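K.L.:
Below are the chains, spelled out letter by letter.
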Amino acid sequence: MVVEFRLPELGENITSADITKVLVKVGDKIKKEQPLAELETDKASMEIPSDIEGVVKEVKMKEGEKASAGQVLLLIETESSESVPALSVKTDSDAAEIPQEIKPALSANNDKVSKLYNFKLPELGENISKASVTKILVKEGDFVKKDQALVELETDKASMEVPSDVNGIVKQIKISEGSTANVGEIIFIIETSDSDSAENKTDSAKKIDSPQKPVPEAPALPKTEPVKKEAANEAALETKSIIAPAAPSVRRFAREIGIKINNVRGSGPGGRISIEDVKKYAKSLNENIESASSGGGFGIKTEPLPDFSKWGETDIQPMNNVRKKTAEHLSYAWASIPHVTQFDKADITELEEIRKQYGKLAESAGGKLTVTAILLKIAASALKKFPQFNASVNMAGNEIIYKKYINIGVAVDTDRGLIVPVIRNVDKKNIIELAAELAEISKKARDKKITLEDLQGGNFTISNLGGIGGTGFTPIVNAPEVAILGISRGSYEPKYSGSEFIPRLMLPLSLSYDHRIIDGADGARFLRWICSALEQPILMSLEG
Amino acid sequence: MNKIKLAVLGAGPGGYTAAFLAADLGMDVTLIDLNKNPGGVCLHVGCIPSKALLHVAKLLEETKHAKKWGIDFGDPKIDIDGVRAFKDKVVAKLTGGTGQLVKQRKINYIQGRGQFLNPNTIKVEKTDGTIEEVQFDKAILATGSEPVRIPGLWIDSPRMIDSTGALELKDIPAKMLVIGGGIIGLEMANVYSSLSTKVSVVEMMPQLVPGADKDLIDILTRSLKPRLGSILLETKVVKIEEISEGLKVTFEGEKLNEPAQIFDKVLMAIGRRPVTKGLGLENTSVKFSEKGFVQVNSQLLTDDLNIYAIGDIVGNPMLAHKASAEGKIAVEAIAGHKVAFEPAAIPSVVYTDPEVAWAGVTENEALKKGLNVEIHKFPWAAIGRAVTMDRTDGMTKLIVEKDTERIIGVAMVGQGAGELIAEGTLAVEMAATAKDMALTIHAHPTISETMMETAEMVWGLSTSIYRPKK
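Note that the protein sequences, when read in sequence, are chains A and B. For what it's worth, this note's numbering labels the leading residue of the first sequence as 1, then goes sequentially. For what it's worth, this note's numbering labels the leading residue of the second sequence as 1001, then goes sequentially.
Heads up, some of the hints might be wrong.
[Unchecked claim] Mimicking DSS-like on lysine-lysine, the simulated pairs with C-alpha atoms at most 27 angstroms apart in a straight line are: (1) B/Lys1003 - A/Lys60; (2) A/Lys174 - A/Lys260; (3) A/Lys66 - B/Lys1369; (4) A/Lys139 - B/Lys1003; (5) A/Lys145 - A/Lys135; (6) A/Lys449 - B/Lys1377.
Don't read these hints as lab results, they were simulated from the structure. Owing to the predicted nature of the structure, the values given are computational and were not obtained by experimental measurement.
Model the full structure from these sequences, guided by the hints.
P.N.:
Pasting the structure below:
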C-alpha cells in the first residue's frame, strides 16, 4: 500500500525548514534509515532518514521550498498488495485553455505613472511619529523647487518647515491645516521629471497597496526598478498570493488603518484572519518600530540602506538560515553584553614538544592532539577555578546562574557559515578523549550531520583562528554565556631570559567577557591562569 | 467643504450604481447616457430582457417535462407579440425605476453622447440637438461594451442578428444558427429552442462555454443537446451568403456531417469588446492595454488623475455585478476612503436551463497554477430535492485548499445554480473552511444541502453518498 512519508518534528520552536537537496526520485527503492532529503533550519543542516522500506511513488517536495513538520514529503509504495489512491487534483485530460472572458475573478493592479512622486513626511526627530499641520505653504498647481518649504508643522518639541526634495508641480495636497500627519505618510503628490527621486513611485510593486501608509514602516530599500504595468484584465486572481483569508470587512479595516493584510498571521481555522488578529499585528508593529528605531532599546536611530546600485552593479543574495540566525544572535549578543577583551600570550615552546611526543597517542584514539583539544581541558579546569566564568546573567531577575556542569562549545567554520557544536562534560574527559570527540564533531559539522542537540547547552566557547593566522581578535561572547576564548597564531618571539634574548613560541590568546559579572581583575586572572596552565601543564591537575 | 463635482459617463449598472452612491455620499453628480433612462446594456438589451425570456423558456420546457408526471398541457399556443410585450414591460418597469431613483437623488441626468474635451470637461451632444458642457472635478468612465462582429462574415441583412437583435424577438425562425457557444449564445439558443426554433450552435473550441470547468459543461451539454438541433464543436464558420431561402453558412471542421446549411436566422455571439472610441479620451491621460481595455489601478483610477474607469471597459469578466462593485469602490476612492477593488471571488452564471455558476478558483485554474487542492463533487441525483423536482441534471463542486481546508472555489450546475452560488461566494470571501460549511445546518429538503454534503466529503462523511476517505 501507499504510505505518506511526513517530515518529522525538527526540534523545539522549529516549525519549518528549507529543503536544500532531494536525494531520491520516483521509482527509487529505498531502505529504512536511507536519507531522503537534506534540510536546513535556523540552527543546522541535517538529513532526514526514511523509517520504512519501499519504492518512491511520488515526490511531493521541491528543492528550495520550505517544509513544515508533519508535511507529506513523499509517497512510498510498500510491500502490501493493496494500493490506496493518494489524494490529488483530479484532472480531465482535455481541459480547455481558459479564455479571458470566463475567468471569474480579476485583480486590478496598475501602479501610477512614473512621473508622480509621493512626497512622504520625513523623519522629524527621535521618537517623533507625527506632527500637527499648522500651515500649508503651497497649493495644487504650484511649481516648487527642491528645498522649498512645502508645509509648516508643529511637534511636541518644536515648529519646523518641511522642504521639498524634488523640483516639480504640486498635483495633490493630501493633508489639511489643523490635521495631524504621520511620519512616512504621503502628504503631497508632486509631478516631477527629476531622475533621481529615490522613491518616485508608490513603495510597493505588489498588487494591493493603497497609496497611503499612516503607520511608519520599518526602513526598506527604496525601489527604483520600473514598476511593471499589467492591464487589469490580463491578471488572473491568485488566491494564495494576493487575497488574504479574511472577510471583506476585515480586509477593509486593515486597509483603513494602513496594515498590509497579507503580513498578518491569522489565528482562525485554516489561518483565517480576524479583526482582532489585525489589531494585534498593528500593535506589535508599533512596538517593533519603537524598539527598532531605538536600536533594541539603546537609543540608536536606525539608518535606512541607500540604493547601492546607484554607484555600480550589485548582486543581491538571500541569507541562508545559518547566516540569518548568526546575524540575529550576534547583534543581540553585542548589543546586550558589555564586552571587554583581555589579551595575553602563553609560552607554548614546551607544549609543542609535548604535542609532538604524544601526538600518536591521540591519533590512535581517532583525534589530533591540537592546541584546541588541550585548551578544552585547560578551560574546563579554569572554569572550575573561576566559577563566575561558568555562569549566566539574568538581568530581569537580578540573578547570576552558576552552572555545576561544564560544557564547552568549539567554533567550527563550515561552508554554510559559523556553527558552535558543544562538547559536554569536558571536565569528565581526558585530553585524548576530547581530541577524538573534537575530531568527530568537526567532521559531523562539515558533513551536515549535526543535530540541534549538539549545538545546545554550552557554558563557554573556544574559537581558534590560529590555523588561518592573525595576532589577536576581539571575539563576541556567545550569549547567554559570559566569556569566550579566542586563539590566534603562535609565532616565535624573542623573550628576555634575564641575561639574553631567546626565541620562544608564543601563542596569543584573546578573552572577551561580560563585564556585568566579570571584573577586569578577574578577567586578567582567568586568562593568566590559562596561559600558566599552557606553560606549566601540571597546574591543571594541581588547581583545576 | 465644497461638494465634489462628479461626472459619470455611461449609465449602465456600473455607471448608475456609482452615480447613486456618489449622490448618497453628498457629491454633485451628473450622469450622461444615450438612453432616456439608466440601465445601459444590462437593463435594455442584456441581462434583464434575456432573463425575462429565459423565464418564459423555462416554463415552456417544464410544461413539456410535466408529461412524465401525468400532466399533459398539449402543444402551447405561443403569441410572440405577447411574449415580446412581457419582456418589454419588464424592461420598461426597471428602467423607469432607475429613472425614478435618479430623480429622487437629484442627479443631473443628461441624455446624449459625451466626449472629453479635457480632464475637466465633457461635451455632451444631447438628443435634442443642443450641446451642453459638463465641468467636473472627477469623472467615472463607464461606457461598457458592444458585441463583436467578424467583419468578413457579418452580412447586413435582417436575417443576421447580434444579441440585441435576438432579444428584439421579431419572429420565431424555423431554423437558427448561433455562432459562438459562450454564455450569451447559449442563453439565446435556450430561449429560441423552447419557442420551437430548431437551433444549431457552432463553437470553435472543444467545449461549450470554453474555459469553464469541463465537468460542469458536460452536464449542461447533455441537458441541452436533446433540445437543440445540433451542437457543432471544434468547428468554424468560414462563409455566410444570403440566398433566397435564407442564409447559407459554410463550416470548417473535422466532425462535420454537412459542410453547409441554410438557416432562417444567424445570431453572431462571439464576444464583446470595450467601447472606448469616440469618447475624446485622447484629450486626457487615460491609457489603454494591448487588448483595448482602459488601464486602472486597484482604486479604479486611470492614468489621468481626474478620471476613474469601471465595468466592461476595464476588463474581464464583463459582468454587471463586477461593474457595480467597481463603481462603488471608485466612488469611495473619490470620497477619500481607503478602499481597493480586490474581491476574493466574483460569481459567474450561465442562465441556461440547467444553470451553471461558479465563484472563486475553478478546477482549471487550480490545475494551471498547480495549487495544492482537493476537489469534491456531489451529484444531484443523490439529493432528495433534486429528485422531487425530477431534475437530477446537476452537480455541486467544492475546491478546498489541502493545508488549510479552506474553501477557495465553488461551482455548480443545475436548476437554480445562479441563486445558490451566493452561499459559495460568501464562503470564499469569508475564508470559510470546509468545516464551517459542513457544520452549518442547511434546510432539508433543498438543493443547498449539497453544499453542506460536499463539504462533508472532505472527511469522507457525506450522508447521502457513501465514499469513505481511505
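K.L.:
Return the numbers of the hints above that this structure violates; sort them in rising order.
P.N.:
1 and 6
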